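Engineer: Here is what each chain is made of, one letter per residue.
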Amino acid sequence: MNEALLRSLTPSVLGILVRRGADFAAAEDAVQDALVEAVRVWPADPPRDPKGWLVTVAWRRFLDATRADAARRRREDLVDEEPAPGPAAAVDDTLQLYFLCAHPSLTPSSAVALTLRAVGGLTTRQIAQAYLVPEATMAQRISRAKRTVSGVRFDQPGNVATVLRVLYLVFNEGYSGDVDLAAEAIRLTRQLAAAIDHPEVAGLLALMLLHHARRAARTAPDGSLVPLAEQDRGRWDTESIAEGVGILQAALARDRLGEFQAQAAIAALHADAPTAEETDWVQIVEWYDELARLTDSPVVRLNRAVAVGEADGPRAGLAALAALDASLPRHAAVAAYLHERDGDLATAARLYAEAAHKAPDLAERDHLTRQAARLNARRCR
Amino acid sequence: MAKYLLLKHYRGAPTAVNDVPMDQWTPEEISAHVQYMNDFAARLEKTGEFVDGQALAPEGTFVRYDGEGRPPVTDGPFAETKDLIAGWMVIDVDSYERAVELAGELSAAPGAGGKPIHEWLEVRPFLACPPTITE
Chain A
1 MNEALLRSLT PSVLGILVRR GADFAAAEDA VQDALVEAVR VWPADPPRDP
51 KGWLVTVAWR RFLDATRADA ARRRREDLVD EEPAPGPAAA VDDTLQLYFL
101 CAHPSLTPSS AVALTLRAVG GLTTRQIAQA YLVPEATMAQ RISRAKRTVS
151 GVRFDQPGNV ATVLRVLYLV FNEGYSGDVD LAAEAIRLTR QLAAAIDHPE
201 VAGLLALMLL HHARRAARTA PDGSLVPLAE QDRGRWDTES IAEGVGILQA
251 ALARDRLGEF QAQAAIAALH ADAPTAEETD WVQIVEWYDE LARLTDSPVV
301 RLNRAVAVGE ADGPRAGLAA LAALDASLPR HAAVAAYLHE RDGDLATAAR
351 LYAEAAHKAP DLAERDHLTR QAARLNARRC R
Chain B
1 MAKYLLLKHY RGAPTAVNDV PMDQWTPEEI SAHVQYMNDF AARLEKTGEF
51 VDGQALAPEG TFVRYDGEGR PPVTDGPFAE TKDLIAGWMV IDVDSYERAV
101 ELAGELSAAP GAGGKPIHEW LEVRPFLACP PTITE
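Here the protein sequences line up with chains A and B, keeping their order.
With this note's numbering, letter number 37 in the first sequence gets 37, and the count goes up by one each step, no holes.
With this note's numbering, letter number 34 in the second sequence gets 34, and the count goes up by one each step, no holes.
Treat the hints as calculated values from the structure; they're not laboratory data.
Small disclaimer: the values here were computed from a predicted structure and weren't measured.
Wrong hints could be hidden among the right ones.
Here are the simulated distance ranges between beta carbons [said to hold, decoys possible]:
hint : chain 1 : residue 1 : chain 2 : residue 2 : range
1    : A       : 39        : B       : 63        : 42 to 50 Å
2    : A       : 322       : B       : 126       : 29 to 37 Å
3    : A       : 47        : B       : 123       : 47 to 55 Å
4    : B       : 54        : A       : 43        : 36 to 44 Å
5    : B       : 83        : A       : 39        : 44 to 52 Å
Per the computed footprint, the stretches of chain B lying under chain A, defined by three or more beta-carbons under 8 Å from a beta-carbon of chain A, are [what the hints assert, rightly or not]:
hint : region
6    : 17-23
7    : 122-128
Ideal Cβ positions, reconstructed from N, Cα and C, are used throughout, including at glycine.
Construct the entire structure; sequences and hints are all you get.
Structural biologist: This is how it looks when you write it as structure tokens:
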């Protein structure tokens, strides 16, 4: 059985239950039960109409669960009769679910967890494993998130930008467990792109595809990071790059630029270069200028300084860097790189060591420590 | 979505405001303290922020490799080590500010006289995995 196909039906099934009058939290539980049941039953007895099967089973589960406390809640009249299936509004329902699960009243971690479960159809255990927290903690995070959005009307229009931020977080999460979060983020963004015509949704999808294409080349067999310039470009996934570039070009043609399109444009320029030396850094600097205009983010300015260093030489990069706050994350790492390019190995080695000390993750710390060690060994020779 | 270690020291942290050794509390005060810690962990589980909590015995042994085919060398316990870890709690929260807020609450656990200990807890971020999008 194709689990991805099964999970792709999750949002529309859930949407149907909610439109029939089930409250979101109870409907979501019922759909989870139906998914578990499908995994158990389908391999031996595949249904002719998978979606219809899921709707029927989920609705039964919902009725059973609601009846169980119906006496207390006096809801018999609401749930006693099974309504006729409404018109198939699957696409719209899917979109509404994205909005609900990324509702601004949720914290980022709750929005991520709820999206992965209610839209992605992942189990609480899978999400807990992916984020390295106990299952009980994740279960509470999800039920709390459901309570938070319980008063939100399902048909209320939502904000695409909040949805995109949630999907970006899922994609960018480095943890890996049983579930490939990057692939899941791509699947969910693709599904969103099918539900709404929006250039930034396309931009994010392109950005993900372009980065995902380089994944195999990003890490050495020992787990260490391989910087972009040293990656074996033969291991980049050309199909994924071609798809990402195609989606990006169509989005850019609509002339409604946003930050994800700009980021994807930078990723596309890297992907387009046959060798690191042939990278079009001048164009990349221009895209960073656009990105800085769109976001005003200091991290963008830091990355821009690297690009300026490549386009106009390390001195120009250092000048761009001088205008930035030295307390920014990765500032020391960028300074180290530019000083090395400028030939000042002593300063570069000192700054690499400082950057390693401040690195937020293990792979990056090891990488920076190795850079410092490499320069120190060369200087002492 | 970042994990932090809230580290509690037997020794090595600055002195707490209500600094009375636990063996000089009343039994009720000890029970109240333990209850506070349990309630705190239970509450964090409810908010979806709890990862792990452990307490350690104060006495430990240092161990090191001593060469091929030889048993490891052990040393200690040392009565005078400057820094001694008492236990920890691991939390998974949305921001550094939230980690600090929670550490502050944990530090308010009641001690002698039923008053908050105001002990110093150390907040240390986990080194995470690298993000996918970096450039």
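Engineer: In ascending order, which of the hints set out earlier in this document are inconsistent with the structure?
Structural biologist: Number 6 only.
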